[in-house]
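Peer 1: Turn these sequences into a full structure, and let the hints steer you where they fit.
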Amino acid sequence: MFCHITQNWRGRPLSSRMAVVELIGATTTNAGLKVECALDESIYEKGVKVTKAEMDSLVIEGNAFHPEWNYTITPRRRHQT
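Each residue of the sequence shown is one higher than the one before, starting from 0 at the first, in numbering that gives the first Met the number 0.
Honestly, I wouldn't trust all of these hints.
[Said to hold, decoys possible] In silico lysine to any residue, SDA-like type, Cα no more than 20 Å apart, as pairs: (1) K33 x C2; (2) K33 x M17; (3) K51 x R75; (4) K33 x N7; (5) K33 x A18; (6) K33 x F1; (7) K33 x H3; (8) K33 x W8; (9) K33 x E21; (10) K51 x P74; (11) K51 x E67; (12) K48 x I59; (13) K33 x V20; (14) K51 x Y70; (15) K51 x T73; (16) K33 x T5; (17) K33 x V19; (18) K48 x I72; (19) K33 x M0; (20) K33 x L22; (21) K33 x I23.
Just so you know, the hints here were simulated from the structure itself, not pulled from any lab data.
Peer 2: Here is the structure:
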């Protein structure tokens with residue numbers, strides 16, 4: 000969707016975070032896809048390290064074309080208790 004988003008904000012000043020959010024949220028495609036966008040103003044801790052075990056537990060499927068750049072991350076299945 001990024002190519003559609005950048006086309007939508009082409010030539011418009013990105014003067015504030017809210018301007019960016021509104022331009023992203025106004026993006027649609029000819030096929031009818033719509034983008035939803037919201038500003039996350041949370042404060043996140045810096046320097047959080049992801050362990051190898053955590054990375055290995057991700058469900059990542061690389062695309063046939065440049066899988067190092069193009070991939071899908073699928074949600075993990077929850078264990079039923």
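Peer 1: If a hint holds in the structure, say so; if it doesn't, say that too.
Peer 2: Taking the hints in turn, this is what the structure says about them:
Of the supplied pair hints, the one linking K33 and C2 holds, its CA atoms being roughly 13 Å apart against a limit of 20 Å. Straight-line distance between C-alpha atoms of K33 and M17 comes to about 18 Å, which keeps the hinted pair within the 20 Å bound. For the proposed pair K51 and R75, the alpha carbon gap of about 16 Å is at most 20 Å, so the pair holds. At roughly 12 Å between alpha-carbon atoms, K33 and N7 fall within 20 Å of each other, so this suggested pair holds.
Taking the CA atoms of K33 and A18, the gap is near 17 Å; set against the 20 Å cutoff, the hint holds. Restraint check for K33 and F1: satisfied, since their Cα atoms lie roughly 12 Å apart, inside the 20 Å limit. Note on K33 and H3: the hinted pairing holds, with a Cα-Cα distance of about 10 Å set against a maximum of 20 Å. At roughly 15 Å between alpha-carbon atoms, K33 and W8 fall within 20 Å of each other, so this suggested pair holds.
In summary, the hint linking K33 to E21 is supported, as the alpha carbons are separated by about 13 Å, within the 20 Å threshold. Between K51 and P74 the alpha-carbon distance is near 18 Å, which keeps this suggested pair within the 20 Å criterion. Proposed proximity of K51 and E67 is supported: the alpha carbons are some 17 Å apart, at most 20 Å. Taken as a hint, the K48 and I59 pair is honoured in the structure, with Cα atoms around 19 Å apart against an allowance of 20 Å.
For the given pair, K33 sits about 13 Å from V20 by alpha-carbon distance, which is consistent with the 20 Å threshold. At roughly 19 Å between alpha-carbon atoms, K51 and Y70 fall within 20 Å of each other, so this suggested pair holds. Taken as a hint, the K51 and T73 pair is honoured in the structure, with Cα atoms around 18 Å apart against an allowance of 20 Å. Of the pairs offered as hints, the one joining K33 and T5 holds, with about 14 Å between alpha carbons and a cut-off of 20 Å not exceeded.
As the CA atoms of K33 and V19 are separated by approximately 16 Å, the hinted pair is consistent with the 20 Å bound. Between K48 and I72 the alpha-carbon distance is near 19 Å, which keeps this suggested pair within the 20 Å criterion. Between the alpha carbons of K33 and M0 the distance comes to roughly 9 Å, so the proposed pair stays at or under 20 Å and holds. Simply put, K33 and L22 have alpha-carbon atoms about 12 Å apart, close enough for the 20 Å limit, and the pair holds.
At most 20 Å may separate the alpha-carbon atoms for a hinted pair to count; K33 and I23 meet this at roughly 10 Å.
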